[in-house]
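J.: If you want the building blocks of each chain, they are given just below.
Number of protein chains: 2
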Amino acid sequence: MENSTRERVRDIAAKLFAEKGLAGVSLQEIAQATGVDDAEVTKLFGSGEKLYEAVLETHFTLYATRMDAVFGGDEGPADKVELYAHAMCDLHKQAPHFFPLFYRELLNPSLFFEPIVKKKIQHVSYLSDNNIAKGIQKGQFKRGLNPANATMFLAGMFHYYYLARHLRGSLLPEPANEEEYLNQALKVFLTGLKKGAEANITGQAL
Amino acid sequence: MENSTRERVRDIAAKLFAEKGLAGVSLQEIAQATGVDDAEVTKLFGSGEKLYEAVLETHFTLYATRMDAVFGGDEGPADKVELYAHAMCDLHKQAPHFFPLFYRELLNPSLFFEPIVKKKIQHVSYLSDNNIAKGIQKGQFKRGLNPANATMFLAGMFHYYYLARHLRGSLLPEPANEEEYLNQALKVFLTGLKKGAEANITGQAL
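Residue numbers (the numbering used here), protein chains in the order written: chain B, 1 to 206; chain H, 1 to 206.
Don't read these hints as lab results, they were simulated from the structure.
Given the structure is predicted, the values throughout are model-derived calculations rather than measurements.
A couple of the hints might just be wrong.
Taking CB as the label site, the calculated pair distances span [claimed, not checked]: (1) B:76 - H:144: 16 to 26 Å; (2) H:144 - B:50: 42 to 52 Å; (3) H:4 - B:37: 53 to 63 Å; (4) H:143 - B:89: 18 to 28 Å; (5) H:119 - B:89: 25 to 35 Å.
Note that beta-carbon positions come from the ideal geometry of N, C-alpha and C, so glycine has one too.
Whenever a hint applies, use it, and build me the whole structure from the sequences.
T.: Encoded structure:
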């Protein structure tokens, strides 16, 4: 019973922190939204900051666990890029507060940025980076490409899509549908990476 | 003289709003940081909100003007994509507060989101969209690609790079250098778009 109250408080807190940031939400507001009293929330989590830490920890652990599964499989590098993209979309559906919590931490890093946010993002970046490097080694992706750059723009394709959701619908004449966007972004990315599609990529080439 | 005080107040306000958002900055704080008194700031701008509006207006007008120049030229579609990318980097150097102001508006839209932010972003998106559509018509870019999607992931490649600056340096084994990142991202994007590099792109193809 206490466990489910704990989860309920954490879920409602996640929504409020995603909407307003750590500084914008009081423990009283969370207690009120959950329908328990302040003393109960304090007993369960200690403080608003500790509750925020629990929210970040849950979300970033979920993210890292999903990505461990993606990059830990037996598929080839290009297939893993596709699995990564689909996992990002699933994550957005399963944990819609993950993305805003992450962007708020990028704009206003809290005390937990280094130990939670950066640590987990770094972990997943290394996994993606190694995957791209393996594709280059195997001769599937272009030589000269910096895997760190490829990871950055692969991530950017998806993060900006979520960040710009407010703009979608009226921003462009034919609003992007999620599945179409995902498939076309992946196709452009993988074609762009493919060896033989064009000469080597180097930083100086343009 | 009054004009230069006005600009000085606006520039310092831009920095503070970029760091803390509209709700996080008081008129007193801006006055203090500028070294003028509150009454002078109020006389010049009317209120903190009006000052914020002036900051957004200046930044988003600069952005739209730069992009009008990029997309209004005689270059071909692929060259315009390159010019766009370089203009984004220049803008970041010339007006470093533009990006955080934009991201804060995406996370917490103010009263000025619709009339300023969305209006200008929409304007530039149409320009990019038309440019991609022209590339498809000319047979340079793949058929079946939704120009709105291409604009979205082109923008994402750059926005996430700036958004993730906090993470750069220690996030990946070989931290991306700005020029190298720009050139490689462009190369992947343009190769991915190029007709003939692979079969047609459709939303269903993967």
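J.: Hints first: check each against the structure and report whether it holds.
T.: Results of checking the hints against the structure:
| no. | hint | verdict |
| --- | --- | --- |
| 1 | B:76 - H:144: 16 to 26 Å | holds, 25 Å |
| 2 | H:144 - B:50: 42 to 52 Å | holds, 51 Å |
| 3 | H:4 - B:37: 53 to 63 Å | holds, 55 Å |
| 4 | H:143 - B:89: 18 to 28 Å | holds, 25 Å |
| 5 | H:119 - B:89: 25 to 35 Å | holds, 29 Å |
The earlier numbered hints are all upheld by this structure, with none contradicted.
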